[in-house]
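Going down the list, the sequences are from chains A and B. Residues 1 to 585, numbered by our numbering, are exactly what the first sequence covers, in order. Residues 1 to 237, numbered by our numbering, are exactly what the second sequence covers, in order.
Treat the hints as calculated values from the structure; they're not laboratory data. Idealized CB from N, CA, C, for every residue including glycine. Just to be clear, a hint being listed does not mean it is correct.
Computed far set for chain B versus chain A, every beta-carbon distance over 12 Å [as the list claims (entries may be wrong)]:
id: 1; residue: A130
id: 2; residue: G139
id: 3; residue: I149
id: 4; residue: L159
id: 5; residue: T236
A short, non-exhaustive set of chain B residues, derived as facing chain A with CB atoms under 8 Å [to be verified]:
id: 6; residue: T114
id: 7; residue: I116
id: 8; residue: L134
id: 9; residue: V137
id: 10; residue: F209
id: 11; residue: L220
id: 12; residue: S221
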Amino acid sequence: MAQTAHIVDKMTEFICPNCGTSNSPDQEFCQSCHANLAFRNTTEGSTDNAVPESEENQSPAEEGYPGFEDELIEVPEDNNNLDDLFKEETEKAEIDLNTFADSETGEEGAISDDSQYRDPLPDWLIDLTSEDVGKDEERVLKDPEIDEDEQGLNNLEKEFSAWLSEIENDDDSDIGEEEAKEPVEEIVDEPELEQVELPEWLEAMRPVELVAPPLRSRDEANELLEGRGPLAGIWGVLPSEPDSAREGEPKSASVVLQVSENNRVNADLLKGMLGEKWESKPLASSQVFASQDYIRWIIALILFAAIIWALTTSNQEQNPRSLNTPNEVVSVYNLINGLTVGDRVLVAFEYDPGLSPELDAAAAPIVDHLLLRGVYLTMVSTSPIGPLLGERFLTFTQVDHNLRTNRNYVNLGYIPASTAGLISFSQNPRRTLPFTIESEPAWGDANQKALLPLQGIYQVSDFALVVVIVDQPEVARAWIEQVLPYLQAGLERTPLVMVSSAQAEPLIRPYYEAIPKQIQGLVTGLAGGTSYTSLTRRDSLPLTYWEAFGTGLIIAALLITIGGIVNISISLFPRKINDEGEGSE
Amino acid sequence: MSLVELGWLDLIGAVLGFVFTLLIFSYIIADNPLFRFTIFLFIGISSGFVTIIVIYNVLLPRLVVPLISGNQGQQLLGLIPLALSVLLLMKISPRTAHWGNSAMAYLVGVGAATAIGGGLLGTLFPQMGALINLFDVSGIQQIGGNLIISLINAVIILLGTIATLAFFHFGIRSKGNQTGLQQGWIENLSQLGRIFIAVTFGVLFAGVFSAALIALVERLSFLVDFIKPLVTLIVTM
């Protein structure tokens, strides 16, 4: 019952005529637009059917109006029952409709008198209806203002219908005489325009008739015979397809393109080009003697066998003394020979692990020579993995020297920031690399001396020699461009030498060949290392690989030569066949 | 050092090296999962090692230690790289990437200035000077070289330099209705430059092949050194 009361409350809300906002009945002003709602009381008071305020919140059922108990729908508390309630009401409505339909068709058993099915109106509604109707009629008759307004409206409707009849008069002759009298007279008074035949040239200028179909009158449209679909054969039905779809294609106007002779030539040329047959020609099939896998296996087998044979049978005691030693290698040898015991030498390990066999072999005799001279080594690298490679290099190639870290050499680790880091290191090595790779202070302070290999070093030019072991020409160039100016800034110019991979040599050599030389020495690859070994006359790593390397090179050169010959033969062979074929034809 | 003389750790390292070498060589047969596993393992180890180096060699001693235990000046100076690092880290997210532009601009600017300055003063001008000095007769006589051979060498170097530069000259001219014509002498010179470039690439390829061949020799030498003692042991037993 609470919900019922709520619904009634909603019904008694007052709608503001100004803005349409619903307001509670006790408000004097609209809560939205603040319009004065006081007139409501006066109108309510003036009407007889106004509900007293005390009775507004009371439902008709509560008031005991007959029949309202049946009409009011009890809103259940449980929302789940709403569906069931709606279903019941729908079924009731369907039953009523069926009953009504039966009564209309007059079937047997149907009840023709529907008054029996009408619920008797409640007394209050009967009173209300009769009173309202009577009062409204009286009010209209008695009130002169309302009378004038409504009479004016009636006159307007009459004029409007008369005006409409004017328009329809042309097509419809069934209109009554009284309604169409005046307009007809006006039309009759005016002289009619005579139909004039247009000249042919003017008719030709009406392209609309060429394209669009002639307009049909409404009667013609109504009398169209449906020719398609289920309504075929019926007159005056709405078309199932638009008119435009029924009509055929519009007549095309002939267009003559104004082209010059040049345009015509170009068009013919383009037509000829597009008209050519672009047939793909099959590629000449190349004869393959064996699959790529077999070739790869055969080459690997030959190369492996030759190298292993050379490694197992090589006589490492035989030193290649007859090897012609290049000048750049001799320069390095002379520079190192000029060092004194206790000199500090900077060694940069600037290569990747993949090229460590070559560069280890090339640098091993040089570092060996340096250690024989009794110098201290300082290792750096602009590659993060360089310091580890440096440690590994000393461990595996300089075992005989019994090196101790921070005593014979120091590893300052990684120089970050590439070229900018190199400049920073050249300007102030103490600030750039303050710690060793073991995170120990390298340079000391007021209380502690610097590590032995770094004593007396304040700038990069304080080193007696700089050796860069490098595999990339870009890194070598960075050392030359960024560090070399600082090496030459001191009173005694510090020489810079390179130990490079064979793949970087062509791009580093110009710095050695330049006049004046930018780098003072260059040792390249295994050949350079072996040459240096021939100078130091010490058993070293390059000699281990030298014979196998030479054997491998010879085998590779043979394989390349054989492969080249085979390729040439393959390329010549089909041409010969073609030539024979053409000759026989 | 013989395999028998190795310690346990070295022996384990040698065995691992032997196994991984064989796995890498298995690529000769065909691309296979074992080869790829080995490659991924090497890449992972390298990345891990680089990370450790960067942390212990760069971040800790140059950023963290000055900020924590440095004096006031070091702490203030440490704030600058810290701020730049934080800004650079914002590049991770697209929403905050624009905050890292200033740090990135600083890096690129410094790098470009360093490279350009070094390239001009360290390579271009000295190499131009070297080319000019090749024709310095008094200089050649001071060195004591053969004058004629030195001059021929200088001419070849000069010709090679100009011809190579001409090969990379792509300027064309238009004459009447004919367009896209390269001047005849430049075209001929560029053909000569092509020969020099081909020779250079040939030398570079020979260098790359030489480096790779040494790596192969070193690995095969390792395998021979690993297997030889084992074979000797088996034979003696």
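Comparing the hints with the structure gives:
1. A130: The assertion about A130 of chain B is violated, with a minimum of 3 Å to chain A.
2. G139: At roughly 6 Å from the nearest Cβ of chain A, G139 of chain B sits no farther out than 12 Å, so the non-interface label is violated.
3. I149: Since the minimum Cβ distance to chain A is about 14 Å, I149 of chain B lies beyond 12 Å and the statement holds.
4. L159: Holds: least Cβ distance 15 Å, greater than 12 Å.
5. T236: holds (18 Å)
6. T114: holds (5 Å)
7. I116: violated (10 Å)
8. L134: holds (7 Å)
9. V137: At about 12 Å, which exceeds the 8 Å cut-off, the nearest Cβ of chain A leaves the hint on V137 of chain B violated.
10. F209: holds (7 Å)
11. L220: holds (5 Å)
12. S221: It holds, given that the least Cβ distance between S221 of chain B and chain A is near 5 Å, below 8 Å.
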